[in-house]
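Take a look at the letters that make up each chain.
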Amino acid sequence: MGLALMAVIWLITLASTYFFVAKTWWLPVGAAEAAGFIDHQFALTFVIMGVVFLAAQLSLGYFAWRYRDHPSADPVKYSHGNTKLEVIWTVLTAILFIGLNLMGSSVWASQRFDPAEAGAVKVEVTGMQFAWYFRYPGPDGKFAPTSVKLMDPSAGGEAAVGLNTSDPDAKDDVVTGTMYLPVNREVDLSLRAVDVIHSFFIPSLRFKQDAVPGLNIHMHIKPTAIGEYEIVCAELCGLGHYKMHGMVHVVSQEDFDKWLAAREAEKQ
Amino acid sequence: MATAATIHSHAPQGFIRKYIFSLDHKVIGIQYFFLALTAVWVGMFLSLLMRIHLLWPSAVIPLFGEIKPETYLSLLTMHGTIMVFFVLTTAPQGGFGNYFLPIQIGAPDMAFPVLNMLSFWTTFVAFMVMLAAFFVTGGAPLHGWTGYPPLSAVQSAGPGEGLGADLWITSIAIFCIASLMGALNFITTTLDLRAKGMTLMRMPLTVWSWFITAILGLLAFGVLLSAGILLLMDRNLGTSFYVPLVVVNGQIMGHKGGSPLLWQHLFWFFGHPEVYIAILPGMGVASQVLSTFSRKPIFGYKAMVYAMLSIGFLGFMVWGHHMFMSGMSPYSAFAFSILTMCIGVPSAIKTFNWLGTMYKARIRFQTPMLYAIGFVSLFVSGGLSGPFLAQPVLDIQLHDTYFVVGHFHLIMGVAAIFGMFAATYYWFPKMFGRMMNETWGRIHFFLTLAGTYAIFMPMHYLGMAGGTRRYSDYREVKYLATLIPLHQFMTYAAIITIAAQFIFMVNLFWSMFKGPKASDNPWEATTLEWTTATPPPHDNFGGVTPVVHHGPYEYGVPGAAKDYVMQTDPVSVPAH
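Here the protein sequences line up with chains A and B, keeping their order. Taking this note's numbering, the leading residue of the first sequence gets 45, the next gets one more, and so forth. Taking this note's numbering, the leading residue of the second sequence gets 1312, the next gets one more, and so forth.
The reader is advised that the hints may include incorrect statements.
[To be verified] Below, a list of computed lysine-lysine pairs in the DSS-like style, where the Cα atoms sit at most 30 Å apart:
#, chain 1, residue 1, chain 2, residue 2
1, A, K166, B, K1671
2, B, K1671, A, K128
3, B, K1567, A, K193
4, B, K1671, B, K1825
Treat the hints as calculated values from the structure; they're not laboratory data.
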């Protein structure tokens, strides 16, 4: 029985480890500035936890076999523990866990404690059951006010986010269902939700933030590779949660300007 | 209030007083056990429907019909809620704790037998109210077991958010009241009714785990109860605790100024300790069983006690790690994150000590031991994904993905259930007077161990790749569609693993009536429940009050007549 148990535990352990190490499924290729650091921290955590995982599981299986009861087995070692070993183990794990944690804190801080740099591209993201809308302030750089009284989700676009079209700042505000961002420029995102909580998740950009009714949450990211990346909703928001997805097109500055100008022209 | 001593002067006669409205903690423990067993089959059946839907989205289930997206979400909500409250909280504490805590400390019953009966029947009512949510107009709620408002607070936010959601909250509120009654009883019993010589540091680790769990329950369930009442008021009385000005389906709702994050704080202030409420009794049982079947004292008894105490203490200071992405202040994430990493330390101590217990032991491999070893394995696997999620920068990628689902299922789901299986196979002889079948127990163990790993390990791969949770259909999003083969594998694994649970059921009921008669101490264990008759008499020790002479795990004592020394045995053991 000890042998069978060891075999099964070892097999499960090695098979699980194989798919991690072979990276059969792994984080999608990162396309934002923070991705490098996040992925590095992920890999570091992965290696440390992986070593502990292997050590613990393999010794668990080995002990089960090695110390199984049989007629010629060694007598039990009568012991209530070893305080010295206990202290060493405790201090080691404490240092390891807390150290690992501190290493990750600088990126969190830079993304969240400081505002976006001056000249960042402003985009307002609005989540509602079950769509994302993106608003660009246009050449004036100012978002016009919105109002819940004007919101009409069924109409889509400007009406869906409740844009006050009589406001002068609204003239050049562009509302779209697809997101475009220029590459290598910081983006100042403001996230809001009109009905329930949604979560704006772009796996390739290593970005996730809940959009919460009543809050306007500012975040900033910098996409670093041209491409199309899928946006999904990560917070359960109702029956259509699974189809609340979208696309972000990261393009060159030139293409971005062209795209925005075309939207402005459409609006006039 | 009648004390345990007066009530237990004579055993009750008549079926109803003896088996239905019984005051005997042993009967109440068995009642809790069967309630949880019913609930786990309901919960498991719901998960089976979900897994089937993910693999065959348009399948029509006999007697159930087609699973629509909203049906899928209510299955998920009810699965989570039923499993967390009526299985993970009910069986380890209400079931085994009720039955064995008084016996293990040498008491004739719980401190408040009437309160004990009341707490069981209140739990039963809560379960009935929860099940009723399936049968009302609109069906069960779809807001997930975490019930985040505004989704859970606005009736028009989705199907099931009408009466179904009201029943859901009401059920949880009733459950909270039942748990508060139970917690008071456990704490008082442990503090006041210990036999002569049963000092705190001589209590079995199971007793410590139930005691600490009860303290957590006392502090956590009150908060959830209040939070639930506020949610009911938001839904039905027009208050705005959790709901700001929102527009749902183009309609402006009457709420103003509420904070959706307030619910999350209150919910997780309960929710995180709840994780430990589910797992601590499993740790207790694993320790007890590992020591017994290793024929060796538990490694570091005191360290185990302090580890559980610090897990319980720290467990109240980490709730914010569920909220890194919620819009909560990013500064507080630092504190929550560091404290969460700290809680990994006592968890690591426990694992180290379990391995230490098996080191240089003489391990007997009866089914309870297999499950205890399985518990350790799953605890390690589920625990080690914690330090990923505890780091806010990594949580950006992993939050609300299957990585989280895999993490908590392994540790608070399957590991806790392995604790229950270990407890069932271990204490069944004492509870029912017969032995369970070993061969079928082993087969059940290996299938369940391999099966649960096959279901939950791939969830980590899925989550790393960005696989979002709580989606009823993964074909809509391109990158999610590429991950469907993993879902297929998990569904097949789930079907096989669920099928294997019938082995357990047959073994359980067959052995209850046909199993070989059990002796008083079939495992040659040392704690007080093994000193009394099998099954124990109404007052537990047949009129004798046990006297305790030493700690709970004296195995392999040099010079002793046998390889174990009972707690009541007056012989001396080496100082340690």
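Now for the hints, and whether the structure bears them out:
1. A:K166 / B:K1671: 65 Å, violated
2. B:K1671 / A:K128: 18 Å, holds
3. B:K1567 / A:K193: 14 Å, holds
4. B:K1671 / B:K1825: Violated: K1671 (chain B) and K1825 (chain B) sit about 37 Å apart, past 30 Å.
Violated hints for the displayed structure, listed by number in ascending order: 1, 4.
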